[in-house]
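J.: Spelled out from the first residue to the last, the chains are:
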Amino acid sequence: MSENFMLPHLAKIVEARDLAAEIKLFRVELMNGGSDAFRNFQPGQFAFLSAFGLGEAPFGIANDSGRGSALDFAIARLGNVTTGLHELGEGDTVGVRGPLGNWFPMKKFKGKNLIVLGGGIGGAPLRPVIQYVIDHRSDYQHLTILWAARHPSLLVFTDEYEEWRSAPDTELHLTVDNPDDKWNHDVGLITQLLEKISPSSANTITITCGPPIMIHFVTKMLQEKMGFAPKNNYVTLEARMHCGLGKCGRCNLGEKLICVDGPVFNMEEVGGLLETFL
Amino acid sequence: MSNSNTEKKLWLISQAELEAWLDGIADARQLIAPRQISGIELYRPVSKSDEIDWQGLTHGYAPSNRPVLSVKEIFFPPTERLFSIQRSGQEIHLEESFPEWETVVLGVRPCDARGVKLLDALFLDTNPVDLFYARRRANTTLIGLACKELGPTCFCSSVGGAPDNAHDMDIMLYQLEENYLIEAVNDKGRFLIPSGEWNETTIIPHKSNQTVQFPIPKKGKWLEHFNDDYWMKIGERCLSCRACAYVCPTCRCFIVRDEMIKANKFERVRCWDSCSGKNYRQLAGGHRPRAEINERMRNRIFCKFYYYPEQYGLGGASACTGCGRCIEVCHAGVDITEVLQDLEKME
Chain E
5 MSENFMLPHL AKIVEARDLA AEIKLFRVEL MNGGSDAFRN FQPGQFAFLS AFGLGEAPFG
65 IANDSGRGSA LDFAIARLGN VTTGLHELGE GDTVGVRGPL GNWFPMKKFK GKNLIVLGGG
125 IGGAPLRPVI QYVIDHRSDY QHLTILWAAR HPSLLVFTDE YEEWRSAPDT ELHLTVDNPD
185 DKWNHDVGLI TQLLEKISPS SANTITITCG PPIMIHFVTK MLQEKMGFAP KNNYVTLEAR
245 MHCGLGKCGR CNLGEKLICV DGPVFNMEEV GGLLETFL
Chain U
906 MSNSNTEKKL WLISQAELEA WLDGIADARQ LIAPRQISGI ELYRPVSKSD EIDWQGLTHG
966 YAPSNRPVLS VKEIFFPPTE RLFSIQRSGQ EIHLEESFPE WETVVLGVRP CDARGVKLLD
1026 ALFLDTNPVD LFYARRRANT TLIGLACKEL GPTCFCSSVG GAPDNAHDMD IMLYQLEENY
1086 LIEAVNDKGR FLIPSGEWNE TTIIPHKSNQ TVQFPIPKKG KWLEHFNDDY WMKIGERCLS
1146 CRACAYVCPT CRCFIVRDEM IKANKFERVR CWDSCSGKNY RQLAGGHRPR AEINERMRNR
1206 IFCKFYYYPE QYGLGGASAC TGCGRCIEVC HAGVDITEVL QDLEKME
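So the sequences go chain by chain: E and U.
Going letter by letter, the first sequence gives residues 5 to 282 in the numbering used here.
Going letter by letter, the second sequence gives residues 906 to 1252 in the numbering used here.
No lab work stands behind these hints: they were computed from the structure.
Since the structure is predicted, the reported quantities are computational estimates derived from the model, not experimental observations.
Positions of the beta carbon are idealized from the N, C-alpha and C atoms, including for glycine.
Per the computed footprint, the stretches of chain U lying under chain E, defined by three or more beta-carbons under 8 Å from a beta-carbon of chain E, are:
(1) 1030-1036
(2) 1178-1190
Just the calculated beta-carbon pair ranges, DEER-fashion:
(3) U:1169 / E:235: 47 to 57 Å
(4) E:26 / U:994: 23 to 33 Å
(5) E:57 / U:1105: 53 to 63 Å
(6) U:1190 / E:191: 17 to 27 Å
(7) U:1190 / E:18: 19 to 29 Å
(8) U:994 / E:11: 19 to 29 Å
(9) E:157 / U:1249: 48 to 58 Å
(10) U:1131 / E:11: 29 to 39 Å
(11) E:139 / U:1249: 56 to 66 Å
(12) E:33 / U:991: 18 to 28 Å
(13) E:165 / U:992: 33 to 43 Å
(14) E:11 / U:983: 13 to 23 Å
(15) E:221 / U:1053: 51 to 61 Å
(16) U:991 / E:19: 23 to 33 Å
Excised from the complex, chain E in its bound form (with noise of 0.2 Å):
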């Protein structure tokens, strides 16, 4: 007989830190033969956390599994689940269903240019593949991180942008749209610092998370002014989800499902369904 697919694994919080503004970073190491399920995760994917008594949310995987077997959620205050989780801390326990979902064809992605691009808390399931990069780093070319956030204390993974930027061929652009005294990189939507960076298509992939109105303007613009092809224009998306895994219905796109079909799309799949999105 088959398994109750909505029973979580058991995992400990080993680590929950301040990653910015009522976004926190927990580290979660499985028990009890968890770890089994979760070995060699792919950047991109996703899971369930629990809030025992509260519930459980999909949140992206923000480490790539080459980092080690503990796992990395960067999760904003928000609702329910996420403030019964920030409640938590060193030690406490959670449940975990996963990894779920698809995940970015990272060896399709070799001897290209790479350009990420992260809005907020979107930036959670692209630093996995940042990470991928960084340690993998001869089989890309070059590597462009686009950065941004409503405001400076939104910047999710501000202490890891020294890595990001010493690493060879690798840069990094930061824009937040309300600056505060102390800024002094660009200022204004992430299609705007896009815009004045104007990359090139040739050889080009593009990975982008956000929300979705900025997905939607981001590979309009990449599209529209850049001519990228909609198929190297890489997008992760979100949605409400109950299972993750096909069954409850809930995360629809047309006749995809964003939980098992992706949550990574390139826009030749999904472009005429984005709108439904918004």
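On the provided structure of chain E, position chain U as indicated by the hints.
T.: Okay, now just chain U, sitting in the frame of chain E:
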């Protein structure tokens, strides 16, 4: 029905024989049959056959005497416990329990049995298999009852069904003037038939010639209609009450949440939900795709005829069984057959 190549066995039994047989079933298993509960017809457990609403079961197929909810709830209950949670300090203990009952359902209509088949495509035939559904399905025998006539909102014959279609049953009953014909449709059904007690017969069930045909747009047509203004117009009627999904034999969207039982004790449950609901897609950050009522209604109709069939490999079939319950239950006059006819007119 007249195909004699298959080893189809039919018996002629009286009402008394049927009731005696059901009483025997109810002694050993859970028997579920149509009952009047506070004036509402529902599939509910019965301990003796005289608790069954025979009047409702055997007199036509008017909306008042068909169960308000389909047999979906027997396999996929409105609320189901997925596991229990016990918390002590920083530690968590999870405990599972699964449905074990051997169940027999009497009086299943062909449209509802078809609905179960359509849910099989999702819960059984598409990995991963849903353990709860699979257990209930394996432990349940369906005794169908052919409909004598189509009800006012019935349109099963438009979506591949028929009022006397035994295909998705284990056992099928056909009402005659005084007696019943009973047919063992498959091995699971044959297992429940008493050996040597009933009179075998060669009488062939009267084939229903009642039919109603509404046009079902072809697969490719749905996308062409996606951006039609029509959805704005028809969507204005919808109240987002979700009753259509509640009574639908194939709507299966669910929500998962934790419920507190007592201090430090919780249950994770899944409950029916519907894409017609206002907050169905709302994310914790406040973003709410498909915010407009017409978008939600369009999604539900598309799901029945295009999305679900595509997602779960139904081929040319639709995920609507033509039971018409959504038409009966809608306070705002949304009629799925009207939508189908309107779409055809727009060609």
